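**Student:** Chain residues, written in single-letter form:
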Amino acid sequence: MLKLRGKIQARNTSTKQSRMVHVTSNALLPSALRHNTALLIKGDQLAELTEELVSTLREAKPFAGVLLCGAEAALAAAEQAAAGLPDLYLLPEAYVYLEMGDIVRLNPEGENISVLFRKNSPNNSLLLTERCNQLCLMCSQPPKRADDSWLLDDAYELIRMIPPGTANIGFTGGEPTLHGDRFIELISSAKLNLPGTALDVLTNGRSFKSESFTAKLGNVRHPHLQLGIPLYSDDPVRHDYVVQSRGAFDETIHGILNLKRHGLRVEIRVVVHKQTLPRLVQTCEFIARNLLFVDHVALMGLEITGFTRANLDFLWADPHDYRDTLSEAVDVLRSYGMHCSVYNHQLCLVNQDVEDVYRKSISDWKNEYLPQCTGCVRKSECGGFFSTQIMYRHSEYLQPFTT
Amino acid sequence: MSRFEPISFFDQQASGKVAQYSLLPFSFTSLDAIRYVVTNIAGEYMLLEREPLHRLVSGKLRADEPLYVDLRARHFLTDEHSKMAPDLLAIKVRTRNEHLANWTGLHMFVLTQRCDHSCPYCQVSRQSEDKLAFDMSREHAEKAVALTLRSPNPAVKIEFQGGESFLNFELLKHVVLFAKDANKHLADPKDLKFIVATNLSVATDDMLDFCAQHEIGMSTSLDGPRDLHNANRPRPGGDSYERTIAGIARARQRLGRRSVSALMTTTEASLSRAREIVDEYVLQEFGGIFLRPLSPYGFALKTRFFRAYNAERWLQFYDEALDYIIELNRQGLDFREYYASTVLTKMLTCRDPGYVDLRSPAGIGMAGVIYNYNGTVYASDESRMLAEMKDDTFLLGTVDDSFETLYTNETFLQAIDETFSYSAPMCTDCAFEPWCGADPVFHWRQHQDMVGRKPESEFCQRNMHIFRGLIARMEQDPFVRRLFTRWAHTC
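Residue numbers (the working numbering), protein chains in the order written: chain A, 1 to 403; chain B, 1 to 491.
This is chain A alone, in the form it adopts within the complex (with noise of 0.2 Å):
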């Protein structure tokens, strides 16, 4: 798993503001750009920080910071090679990983650094809130009340820094929607922006019940918009019992029919866990019956963070226990000719069926697998698992592919 955020030393440093800078790894940028770009300097490359390097870069204009990243002795030497430079930051070497092209948060005050934008990660994803009108059994963030609208600032500030080329982002929440009006400027921002980019919200959709919301939204025009929808069961009370708040079914479907008249690509994501389980099948007989229209149906298995360790008894089944309930839940979606995708799952856990929809889909900063998986030989086919489950649950039935 990739730490993303966390200590690090700051030393001269100019200003308290904590501030989002570019990474940059090329000590001549030219110094227009160096008022919002760190220079980083990490591993092997520490070695070369000669005095030379040194007294070019204190004569030039400087960086917003420059970063050292490496080995603690490594560190060490390079502390003293680059002592005097201004916006001096020592990163631990679990921030190796860093490229040019990335964008990070640097907190000179607290002393602490959040990675923002990865280059060349798939996976980029914005928090825009932590608050939530739902209370989600398994939710891997589990929400918090107080105003967080600096997430949305931050937001829209990285969507401007963000590279064009980017192929796709996400926002997340808690609930997005909740900001609101504010919600379809950031979306419209991006569109402005990243109109190349692809954009993933995920989103309870119950904000889209409001017909005028809703069309805001479309009015947008994002090219590449799509919300992506949780959908727990056909039965309103299971779903309700599952995101624990009454009404939230009807406000759901309600939404997913408006988006999808307002012409919006909508996903519909199943976390497939004990609650969920029972009414499995018939809830993707459900949504092929009445959503046949929407535009790709997930079924996923469970992270296990957040919410989802203090209910552990009651949420973890075994993939293996339940993989013939899969096999039939993607077989429904598919004869009715839905576009449908497995995530989060382990390719030994999953019939040979569902294989053409399985997807390698866990984020590559928690993704690992697991000492016995290094013989397998499909091992680069396999999505492996969230570095939680490692640490917490996953199933007892692994059984790497030896052929």
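The hints are simulated quantities; they were obtained by calculation from the structure and are not laboratory data.
Here the structure is a predicted model, which means the values were calculated and not measured.
Careful: at least some of the hints might be erroneous.
Claimed, not checked - List of simulated lysine-lysine pairs, DSS-like, C-alpha gap at most 27 Å:
#1 B/K17 with B/K83
#2 B/K83 with A/K216
#3 A/K379 with A/K366
#4 A/K144 with A/K366
#5 A/K209 with B/K17
#6 A/K260 with B/K83
#7 A/K260 with B/K92
#8 A/K209 with B/K92
#9 A/K61 with A/K144
#10 A/K366 with A/K3
Claimed, not checked - Only some residues are given here: those of chain A computed to face chain B with a beta carbon under 8 Å:
#11 Q134
#12 D234
#13 P236
#14 Y241
#15 R246
#16 D250
#17 R261
#18 H262
#19 L312
#20 Y336
#21 M338
#22 H339
To be verified - Sample of chain A residues with no beta-carbon within 12 Å of chain B, all distances over it, derived:
#23 K3
#24 T56
#25 M100
#26 A146
#27 D147
#28 D240
#29 Q282
#30 T283
#31 A288
#32 R289
#33 Y322
#34 D331
#35 Q372
Built from N, CA and C at the ideal position, the CB exists for glycine as well.
Fit chain B to the given chain A structure using the hints.
**Tutor:** Okay, now just chain B, sitting in the frame of chain A:
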């Protein structure tokens, strides 16, 4: 102390007590001595035994019964948890009926009444050399093309009919070229397709090459094994089977393996030979067979062919053939019965394949129309057969009439009006109604009434038996359920 509430907290119905719910529109009909088929207006079905069904309709179900949850999720009942049910039902009903707005898609051209065969069950063909008397004229054909292209349907199919279509090949060629050209000049050109109904016995290689060049599909007749086929379908030389089989091979060579479809007609002699007939279709590498009974028109009636067996006997034949087809699939062969596939699509999916005899309102005129050799226009193939028996009830007009005149024909409108089966007497209460349709020409012929007397209707008898049979088969055998689901989705 948990922040989370148990599932019972979210159920607003008091547990252990009778639930507060309203019924959504549904119908029920017995499947067998114990079970009822219950269908909602979108054609979704459940099987219920009498006791729970009785409790459902009398408002006595409890919310904690699994059945209650199923009935609510499938829109048979609604309570305060699911106010979206009417909207979802409305969308489903609208989807099923979407095709109605497209209007007429199938346009049949009777190029000639002449035929080299003299099949005793045939309704319309003539042995004659008199081209003038029995061939369609160019002028009529061009007017028919103009009418065809007036249809608002974005996809139209021209089907050449006979007699034997290839006996008037010059006109066939002319219609294809003329229609393609006229279509090209439309502001919004249609998806225009052609198909030719032919016994393939007189088709030359040149004719087949033309068909290949213009992607014209073939629909031929194959009644079964050699002796049965030749007995059913006499022609000079007694070699109908040989010519048909050779023709199928030649056509496939030029047009592709899936270019030829075949229809069979069940005569009295077929009834005892269900398996052999299916085997013949397998042998000839067809992907399936369409099992259909004789219709009560034309020569079939005159020669007492039609009354040679009743619906009950035909259904025995159908059941035997269908069970045999299922067995073949169990043995690993992919082969289907097309009528069952059509019905299953209506039962198990949101789509309606729009099969002409299973449409409500009836498919006459709206699904297909036929331009006869003499320039008359009928609402369906059966309508012109009826006309051969001196009953012109379903004559819409002639190719000289305008599109508007033809489709505002009073009898036609009356037929449409009366055959909306959701409101037809007895159909309205029938659980099979969402999958069924209306056949006003058949009922007019049998009962001189477009709706017909349902308890005496062989149309009802036949279809209800098939609906029940399909459900019973898939309810008792998971293999059949998977097979039928596949048929339904790929129909």
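**Student:** Please go over all the hints and tell whether each is borne out by the structure.
**Tutor:** Hints versus structure:
1. B/K17 with B/K83: Cα-Cα ~21 Å, so holds.
2. B/K83 with A/K216: 25 Å, holds
3. A/K379 with A/K366: 16 Å, holds
4. A/K144 with A/K366: Cα-Cα ~23 Å, so holds.
5. A/K209 with B/K17: Violated. A/K209 to B/K17 sits at ~32 Å, over the 27 Å cutoff.
6. A/K260 with B/K83: Holds, because 19 Å separates the two Cα atoms, which is no more than 27 Å.
7. A/K260 with B/K92: Holds. A/K260 to B/K92 sits at ~15 Å (cutoff 27 Å).
8. A/K209 with B/K92: It holds: about 20 Å lies between the C-alpha atoms, which stays within 27 Å.
9. A/K61 with A/K144: Violated: A/K61 and A/K144 sit about 42 Å apart, past 27 Å.
10. A/K366 with A/K3: 9 Å, holds
11. Q134: 12 Å, violated
12. D234: 4 Å, holds
13. P236: 4 Å, holds
14. Y241: 4 Å, holds
15. R246: 6 Å, holds
16. D250: For A/D250, the interface hint holds, since the closest Cβ of chain B sits about 5 Å away, which is under 8 Å.
17. R261: 10 Å, violated
18. H262: 15 Å, violated
19. L312: Because about 13 Å separates A/L312 from the closest Cβ in chain B, which is outside the 8 Å limit, the hint is violated.
20. Y336: 7 Å, holds
21. M338: 11 Å, violated
22. H339: 15 Å, violated
23. K3: At about 29 Å from chain B, A/K3 clears the 12 Å cut-off, so the statement holds.
24. T56: At roughly 57 Å from the nearest Cβ of chain B, A/T56 sits farther out than 12 Å, so the non-interface label holds.
25. M100: 44 Å, holds
26. A146: At about 17 Å from chain B, A/A146 clears the 12 Å cut-off, so the statement holds.
27. D147: Per Cβ check, A/D147 is outside 12 Å of chain B; nearest 21 Å; holds.
28. D240: 4 Å, violated
29. Q282: 6 Å, violated
30. T283: 8 Å, violated
31. A288: 8 Å, violated
32. R289: At about 6 Å from chain B, A/R289 fails to clear the 12 Å cut-off, so the statement is violated.
33. Y322: 18 Å, holds
34. D331: 8 Å, violated
35. Q372: 34 Å, holds
Checked against the numbered hints above, the structure breaks hints 5, 9, 11, 17, 18, 19, 21, 22, 28, 29, 30, 31, 32 and 34 and satisfies the rest.
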